[in-house]
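Enquirer: Letter by letter, the chains look like this.
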Amino acid sequence: MSIKLNVIDLPKDDYTGGKSTLCPGCGHDQISTVIINSAWENGLKPEMVAKMSGIGCSSKTPAYFLSKSHGFNTVHGRMPSVTTGAAMGNRDLTFIAVSGDGDSASIGIGQFIHAVRRNLDMVYVLENNGVYGLTKGQYSATAVKGSKKKKGDINKHQPIDLCKLAVNLGCTFVARSFSGSKKQLTALMKAAMSHKGFALIDVISPCVTFNNNDESLRSYTYVKDNDLELHAYDYIPTYTPIEGIEIPEGEFHDITLFDGSVLRLETIGSDHDPTDAVAAMAALHQAEIDNKHVTGLLYFDSNKSTAIEDQCLVDTPLADVPDEVMRPSAASLEILNTRFRGKD
Amino acid sequence: MGKFDYVISIGGAAGQGIATPGNILARLFARQGIHMYAYNAYQSIIRGGHSFLTVRCSNEQVRTHGDVIDLLICLNQDTMDRHLEHMRDGTAVIYNSNTINPGEPADGVQLCPMDVKELAGKGANKLMQNTVAIAVACQLIGVEFSALEDVIDFQFSGKSEELVAENVRIAKGAYDHSAATFQPASQQMPTGGEALAVWTGNQAFAMAAAGAGVKFYCAYPMSPSTGILHWMAANARELGIMVRQVEDEISVICMTIGAAHAGCRSMCATSGGGFALMTEGIGEAGMMEIPIVVVDVQRAGPSTGVPTKTEQGDLWQALGASQGDFPKLILAPSSPLDGFQTIPDVFNLTDKYQLPAIILSDLLISDETSTIDPKLLDMHPIIDRGELITEAGEEAGSYERYKFTESGISPRALPGIPGYEHVVASDEHMPSGILISDEFTHPHKRRAMMEKRQQKMTGLLAELPPPVIMGAPDAEVTLVGWGSTADVIQESIEQLAAEGVVANHLHFKWMVPFHSDEATELLSSCKRTIIIENNYTGLFHRYLRGETGFTVDGHIRKYDGEPFKPKHITAAVQDQLAGGDAISVPYEEIIV
Ligand SMILES: Cc1ncc(C[n+]2csc(CCOP(=O)(O)OP(=O)(O)O)c2C)c(N)n1
Ligand code: SF4
Ligand SMILES: [Mg+2]
Numbered sequence: 008m009s010i011k012l013n014v015i016d017l018p019k020d021d022y023t024g025g026k027s028t029l030c031p032g033c034g035h036d037q038i039s040t041v042i043i044n045s046a047w048e049n050g051l052k053p054e055m056v057a058k059m060s061g062i063g064c065s066s067k068t069p070a071y072f073l074s075k076s077h078g079f080n081t082v083h084g085r086m087p088s089v090t091t092g093a094a095m096g097n098r099d100l101t102f103i104a105v106s107g108d109g110d111s112a113s114i115g116i117g118q119f120i121h122a123v124r125r126n127l128d129m130v131y132v133l134e135n136n137g138v139y140g141l142t143k144g145q146y147s148a149t150a151v152k153g154s155k156k157k158k159g160d161i162n163k164h165q166p167i168d169l170c171k172l173a174v175n176l177g178c179t180f181v182a183r184s185f186s187g188s189k190k191q192l193t194a195l196m197k198a199a200m201s202h203k204g205f206a207l208i209d210v211i212s213p214c215v216t217f218n219n220n221d222e223s224l225r226s227y228t229y230v231k232d233n234d235l236e237l238h239a240y241d242y243i244p245t246y247t248p249i250e251g252i253e254i255p256e257g258e259f260h261d262i263t264l265f266d267g268s269v270l271r272l273e274t275i276g277s278d279h280d281p282t283d284a285v286a287a288m289a290a291l292h293q294a295e296i297d298n299k300h301v302t303g304l305l306y307f308d309s310n311k312s313t314a315i316e317d318q319c320l321v322d323t324p325l326a327d328v329p330d331e332v333m334r335p336s337a338a339s340l341e342i343l344n345t346r347f348r349g350k351d
Numbered sequence: 077m078g079k080f081d082y083v084i085s086i087g088g089a090a091g092q093g094i095a096t097p098g099n100i101l102a103r104l105f106a107r108q109g110i111h112m113y114a115y116n117a118y119q120s121i122i123r124g125g126h127s128f129l130t131v132r133c134s135n136e137q138v139r140t141h142g143d144v145i146d147l148l149i150c151l152n153q154d155t156m157d158r159h160l161e162h163m164r165d166g167t168a169v170i171y172n173s174n175t176i177n178p179g180e181p182a183d184g185v186q187l188c189p190m191d192v193k194e195l196a197g198k199g200a201n202k203l204m205q206n207t208v209a210i211a212v213a214c215q216l217i218g219v220e221f222s223a224l225e226d227v228i229d230f231q232f233s234g235k236s237e238e239l240v241a242e243n244v245r246i247a248k249g250a251y252d253h254s255a256a257t258f259q260p261a262s263q264q265m266p267t268g269g270e271a272l273a274v275w276t277g278n279q280a281f282a283m284a285a286a287g288a289g290v291k292f293y294c295a296y297p298m299s300p301s302t303g304i305l306h307w308m309a310a311n312a313r314e315l316g317i318m319v320r321q322v323e324d325e326i327s328v329i330c331m332t333i334g335a336a337h338a339g340c341r342s343m344c345a346t347s348g349g350g351f352a353l354m355t356e357g358i359g360e361a362g363m364m365e366i367p368i369v370v371v372d373v374q375r376a377g378p379s380t381g382v383p384t385k386t387e388q389g390d391l392w393q394a395l396g397a398s399q400g401d402f403p404k405l406i407l408a409p410s411s412p413l414d415g416f417q418t419i420p421d422v423f424n425l426t427d428k429y430q431l432p433a434i435i436l437s438d439l440l441i442s443d444e445t446s447t448i449d450p451k452l453l454d455m456h457p458i459i460d461r462g463e464l465i466t467e468a469g470e471e472a473g474s475y476e477r478y479k480f481t482e483s484g485i486s487p488r489a490l491p492g493i494p495g496y497e498h499v500v501a502s503d504e505h506m507p508s509g510i511l512i513s514d515e516f517t518h519p520h521k522r523r524a525m526m527e528k529r530q531q532k533m534t535g536l537l538a539e540l541p542p543p544v545i546m547g548a549p550d551a552e553v554t555l556v557g558w559g560s561t562a563d564v565i566q567e568s569i570e571q572l573a574a575e576g577v578v579a580n581h582l583h584f585k586w587m588v589p590f591h592s593d594e595a596t597e598l599l600s601s602c603k604r605t606i607i608i609e610n611n612y613t614g615l616f617h618r619y620l621r622g623e624t625g626f627t628v629d630g631h632i633r634k635y636d637g638e639p640f641k642p643k644h645i646t647a648a649v650q651d652q653l654a655g656g657d658a659i660s661v662p663y664e665e666i667i668v
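Going down the list, the sequences are from chains A and B. Taken in order, the first sequence gives residues 8 to 351; the numbers are from the working numbering. Taken in order, the second sequence gives residues 77 to 668; the numbers are from the working numbering.
Next comes chain A alone, as it looks inside the complex (with noise of 0.2 Å):
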């Protein structure tokens, strides 16, 4: 038998990662096999690829895939700030960067707020379950207004909704996935790792050990029975593809991604523009009302610099760059002397 290879010739267990420590059942653990499956398909070269997280449950994660790429566990919070750092230092690197929603929309909102604001280029997986799983399962920011974990009252709090934050913000690529729909998350997955810019996913991941009963609004139940998708999805990569793709009967439309591979929306029910930022508020903000979960790509935009181009970095990452050309030379430190002895 022979071992399937992807287009880089690596075998998916170039991919994989050590066993997982979550509890059975974990919205989190299926994230990480669409990532690891995303990663291989689309041919990410593993040595290239730093693995970015902070605290949490979720923030475990990246030990449970890519096991040959770099992995980064910052400190509570502070995950975007630290990628910031790393990506002025290496603009080669890929990110791919795993929070949970106590990392991302409590302590860490301020540093998410402005790696959107700057366009960072990485895929930002957000593993939410409204509750912090590791701490044993408080209310996190995002837990839904009306629902209640498995011990405690009902949550009376409005949550964040940190897709409506990112599109306001003008996140380049928003979207919102549901941990159970693993061809729509793996879609959306592969496309933003071919998005040039932020692109975030938000992914509903039920916590089975304090966030899964039946009167939480984030129960595998709940979610799977009130999950409006925007679109259904295919990925069309640039090679030919490891599975094969098939052409909708229906309606679709196509939108190319910065490395030349197509994101295909296939139109069910009312047709959302991912382009047009308003309507993806409308469309959360009528999920909201109703107690839905909308899902899909919400907003897309492929215009925009991002913060490394804003930044004018040289083309060889900063890491890179040779101490002589780095180093002041002799000449303008004798230069800046001068000035100092005002005899410029």
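Since the hints were derived computationally from the structure, they do not count as laboratory data. Remember, it's a predicted structure, so these values are computed and weren't measured experimentally. Yeah, the Cβ is synthetic: ideal placement off N, Cα and C, and Gly gets one too. Certain hints may be false.
Restraint ranges, calculated between C-beta atoms of paired labels, are given here [to be verified]:
hint, chain 1, residue 1, chain 2, residue 2, range
1, A, 79, B, 481, 51 to 59 Å
2, B, 356, A, 334, 43 to 51 Å
3, A, 325, B, 502, 34 to 42 Å
4, A, 12, B, 356, 33 to 41 Å
5, B, 153, A, 246, 28 to 36 Å
6, A, 347, B, 512, 28 to 36 Å
7, B, 378, A, 329, 41 to 49 Å
8, B, 334, A, 342, 48 to 56 Å
9, B, 161, A, 246, 54 to 62 Å
10, A, 20, B, 161, 36 to 44 Å
11, A, 158, B, 356, 32 to 40 Å
12, B, 233, A, 12, 54 to 62 Å
13, A, 143, B, 161, 26 to 34 Å
With chain A's structure known, arrange chain B with the ligands on it following the hints.
Expert: Okay, now just chain B with the ligands, sitting in the frame of chain A:
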């Protein structure tokens, strides 16, 4: 009957429910008036890994988890594989023979295999093995079945009646099987004591704060401090305490300051990482002279570190919390009870001297479950809010918030009192509150304000009890400690006495301000001094040397995440007395 002192350890993976047998045992002992101390060695994982709960019980006060294991309960094979080697003659091992293979035990270790499937019958679930194990443990140490039944009833109350009945039935089967099959344990539990209560250090601290009249508590969850938040949240409504879980520790400290400024006694708690985020706020409280109480429940650092392991690593973080040179109160209570009894004083002192207080707790104190005699708990301590102006008086219209006084304490008017309107600011200010950075940075005004604030430390120091040496006055060696090591040092001193070594104990709780003169005098009177700390570089020793100029003779340090056992200290002291190295780092034999 002699002293009953018996240690039961339960090992399993997170999620296997080791907490339940732990709780059942704790409650059972407490109801029988047996003192108990439980230490849980666990990992930051929701399921899997290895957790190891050690419950020590005695008819006398117990304050550490001891040195040995008398009864081992294995909930999985891993526990058997890891810990069978620690079992010695006269001990026993309980395990589920359906799923666990025993290893090769040492001579005289009684193996107690339990056929859980057979006992539980059809529909047995994974947690039934816990019930079986507890029943056998109780039978072995001579607990009456009725006592166990009561506790099972209580533990599962709120669940279905069938579940309670089912557990009682299984427990009875296991109990009878044990009586018919196994030898009784080496020690039998005495009965007839007066019932005790069970608490953790976090609960003790939270209760103390409630008793001291805290009205506002907020936190962002961080192990091992979360227990305080949980207790506060669970009791908030009944006690009328405003409890908020907020978005990060920066907000936590700021909200705490805000509430305190408005007039509420306010507290917050976190662990080292969250404390680091709070530090700018602590300086703010110092500058504005707002009384707040911040608890740092230390865990092994730096950074995210080891969330479920203990360390006394944050002393210098507390000493250096925030920029600038300003007064603060720092203390490290030695136990849940010490914390409970000290916290009301801390609130009174922070109110009186209008400054931030930092209480250094640690995972060992905060997480340990122990029995406590409810008679020792005074929930109505004296509340003294210091010079607080709550209604308009003579000074209306001419009130100065930061008035110069001999004590340095300026009467604090709460916002909302007519004629007492004032500004508090993080900038340096004049007595009126007007910013001097806005006018001109007058060196004389700055100096006067610095001296006013620091003057408060003189009064504060005089109110703190000076350190004392506990035990034999003429001891061969003095063991010096701070914070959570007090009880383990005490137990080691007893062990040393049994070995013919006379040791006494000098323990520090109040860190800042510090009784330097008294400490220097005491230390200089000692024949030989050995300092014991749960950190790598001897953080307290460095501070002590700075305050006293005194250098101790020897060090015992542990920084592997696990707390000291008495025997670690005893052996290290003996080694040093026999001429061994001046720094001992005990070896931890329990691998979790
Ligand atoms: C400064 C700081 N405060 C608190 C913590 C404790 N802590 C660890 S993870 C976490 C929340 C994690 O929640 P989320 O990001 O939603 O991840 P999940 O576990 O739900 O996947 C908290 C509060 C910490 N590590 N650092
Ligand atoms: S606690 Fe919740 S989020 Fe954490 S691993 Fe378990 S199911 Fe997942
Ligand atoms: Mg979460």
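Enquirer: Hint by hint, where does the structure go against what was stated? Just the numbers, ascending.
Expert: The structure breaks hints 2, 4, 5 and 7; every other hint is satisfied.
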